[in-house]
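If you read the protein sequences in the order shown, they are chains A and B. So that you can map any letter, position 133 of the first sequence is 133 in this note's numbering, and since no number is skipped, the others follow by simple counting. So that you can map any letter, position 255 of the second sequence is 255 in this note's numbering, and since no number is skipped, the others follow by simple counting.
The reader is advised that the hints may include incorrect statements.
Stated by the list, open to error - Listing some non-contacts, in silico: residues in chain A with all C-beta distances to chain B over 12 Å:
#, residue
1, ALA43
2, ILE49
3, ALA66
4, ALA87
5, HIS99
6, SER110
7, ALA149
8, ILE166
9, LEU197
10, ARG224
11, ASN243
12, PHE245
13, PRO248
14, THR259
15, PHE294
What the hints assert, rightly or not - Examples of chain B residues lying across from chain A (beta carbon under 7 Å, computed):
#, residue
16, VAL103
17, ALA104
18, ILE138
19, GLU197
In case anyone wonders, no lab produced these hints; they're calculated from the structure. On a predicted model such as this, the values are computed, not experimentally measured, just so you know. Where a beta carbon is used, it is the ideal one built from N, C-alpha and C, also for glycine.
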Amino acid sequence: MSQQPAQPALAVTTGHQRPAVARRATALHGRRRAHRPPVRRTAGRVLEIILLSAFAILVVAPIYWALVTSLRTPAQSFTNPPAWIPAHPMWSNYSAVFHSVPFWDFLVNSLLVTGFIVIGQMVTCCLAGYAFARLKFRGREPLFWAVLATMMVPIQATIIPVFLLIKNLGLVNTRTGLILPVIGTAFGTFLMRQYFLQMPRELGEAATVDGATQWQVFHRVYARLAGPPLATLGVLAFAAYWNEFFRPLIFLSAPSKFTLPLGLVTLQGYLGTGSVSVVLAGVILSLIPTLIVFLFAQRRLVEGLTFGSVKG
Amino acid sequence: MALAIRRPKVPAGLQRRRETRFAWLLILPTVLFVGVFTAAPIVGSFVLSFFNYSVIAPAHWVGLANYQALLHDSNARAAFGVTFLLTAGIVIAEVVVGLALAVAVQRRMNWARPIFRSAFFVPLLVSGASISIVMSYIFDPQFGVLNYYLHLLGLPQVPWLNSTWGAIATVMIVVTWQQLGFTFIVFSAALGAVPKELIEAARTDGAGGWRIFRKITVPMISPSILFTVTVGVIGTLQLFDQPYVLTHGGPGNATQTVVLDMYQQAFQNLRFGYASSISVILFIVVLIATYLQFRISRKWVFYS
């Protein structure tokens, strides 16, 4: 995030296209225009910025509306116009969420489920990704492609047998039942494999010459270098499972086991329109962890989401 | 080369066997989990689709009866219809708007780029279910903010959630709104990789902005267009969270997507066999859609 905007900016200031630079500078800083650029272009550019800003505001508006409405009194919460600037923020809505519903349970369940899935995926994908990238063994290629092929399988195509399996294992209505089925992932394995493939072979060879065992080569050399892709994988898995709704809806029936999205949707159902602000307070609270991840790991997130787009 | 170095220490055969054993140890968790919870269940879905099974009573073989029933099930047909409609609308919207935004932000707003990127990106991070709660209030036909402002602007109020087309439009808008951040960052990355010399050269030759966009930018980023369309189609065919929370498939079955239908058949009506046949058909549709896109893409996607 810090590098991305800096580079083009540099290209502009040192660029070869003098007139373009001059025009850009006047448009941005509102200095007196040079003689050449026509008024229409500047006006067009300003219009473009205004339109873009308006659109950006429109995109953020629903979340902002949820925030300000979560700070109104429950009685007012559904009246228009909305209080875009909260004059008397009702922070008590936030404590009401914790008091009136098993919100702590939802939060703890979400943290546990997401946490174990993230760690589990990081471990299994790191191991398998390394093996598929760096070790030679019979059946490697067919096995890798078989794992990769499961990436094409939509979760809905497997949910019924998985549910029956979980049920037979006695794991319905448990956090384990949510965690176990998604510990192994084709996408993560593929991602880790691609990164391990890029790492120089010589590192492992040097360690082997020095007498390192296979485990040591993996653990002490390659796994230590796998931080960035593991972070990418972890952040993606976090975003996916923190927000997951479909499987919890099917696997869980006791509110004490609900994860946040399921808990909030259920909450909306039985609180009705009477306490919109309390429900919204819960929604806003559930957003905070993802926003923190976004703030600190935006680059990893972008990297993970665009992974695959380069290869086409 | 590695073997040549190692050979003096350990015989090659033993080395190879050790490596195989070690490799299997490392891939075991993934192969096991993926095998048990993805590969086997896909077979399970196929098998189950030939049975009638309600958990309570033992399963019994019905052959192709589930598929025959599916063929005549007007509810299921409507579900496939609306799912295709939603998929087409959402994918076109998110690709076109995402590309337009990426181009606009890319062009000359280095200083504002992180701000816009964050704005478009945040909806992507929000749970589709949780944000649909918020959206169900905003789009509420009677009390919602959206109709309130439409009214202030002198525009007609839209029966967002309680009419067929209103509900379809609402689901489309909400999902597009969420996915926009994804297409936006993919296109932003792709646009950043288009060689500037190419565009400068075209400009020197007198090509206008739109012509450059059509003839240079679009071909150069065509792999990303294929990528966003493919991911978008696969994702939207499985649409569930937003319609479930926003409309519960209604009004009537106006926004009853295939997965919503499958969910109700399986987990509310306990028709697991029948629901499996729906999921099998959906799986096949996803495969065909993906295959077709790659097939057609050979004609227009440009790999440099």
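Checked hints:
1. For ALA43(A), the requirement that its beta carbon stay farther than 12 Å from each beta carbon of chain B is met, with the minimum near 14 Å.
2. Against chain B, the non-interface label of ILE49(A) is violated: not every CB pair exceeds 12 Å, the least being about 7 Å.
3. At roughly 5 Å, the least C-beta separation between ALA66(A) and chain B is not larger than 12 Å, which violates its mark as non-interface.
4. Residue placement check: ALA87(A) keeps its beta carbon more than 12 Å from all beta carbons of chain B (closest about 18 Å).
5. Chain B leaves HIS99(A) outside its interface by the beta-carbon criterion, the shortest separation being 20 Å against a cut-off of 12 Å.
6. For SER110(A), the shortest C-beta to C-beta distance to chain B comes to about 10 Å, within the 12 Å cut-off, and the non-interface label is violated.
7. Remark: the non-interface label on ALA149(A) conflicts with the geometry, its nearest Cβ contact in chain B lying 9 Å away (cut-off 12 Å).
8. The claim that ILE166(A) lies off the interface is violated: its Cβ sits roughly 9 Å from the closest Cβ of chain B, which falls inside the 12 Å cut-off.
9. No Cβ of chain B approaches the Cβ of LEU197(A) within 12 Å, the least distance being about 15 Å, so the stated non-interface status holds.
10. Against the 12 Å criterion, ARG224(A) stays outside the reach of chain B, whose nearest CB is about 16 Å from its own CB.
11. Here ASN243(A) does not stay apart from chain B, with its beta-carbon only about 3 Å from theirs, under the 12 Å limit.
12. Listed as a non-interface residue, PHE245(A) fails to keep its Cβ farther than 12 Å from every Cβ of chain B; the least gap is roughly 4 Å.
13. With a minimum CB-CB distance of about 9 Å to chain B, PRO248(A) fails to clear the 12 Å threshold, and the non-interface call is violated.
14. Listed as a non-interface residue, THR259(A) fails to keep its Cβ farther than 12 Å from every Cβ of chain B; the least gap is roughly 10 Å.
15. Not every beta carbon of chain B lies more than 12 Å from that of PHE294(A), the smallest distance being close to 5 Å; the non-interface claim is violated.
16. Nearest Cβ of chain A to the Cβ of VAL103(B): about 10 Å, over the 7 Å cut. The hint is violated.
17. Given hint, ALA104(B) at the interface with chain A, holds; its Cβ is 5 Å from that chain's nearest Cβ, closer than 7 Å.
18. Contact between ILE138(B) and chain A, as hinted, is supported at the beta carbon level, the nearest pair being about 6 Å apart and thus within 7 Å.
19. Among the interface hints, the one on GLU197(B) is violated; its C-beta lies about 11 Å from the nearest C-beta in chain A, farther than the 7 Å criterion.
The structure fails hints 2, 3, 6, 7, 8, 11, 12, 13, 14, 15, 16, 19 (numbered hints given earlier, in ascending order).
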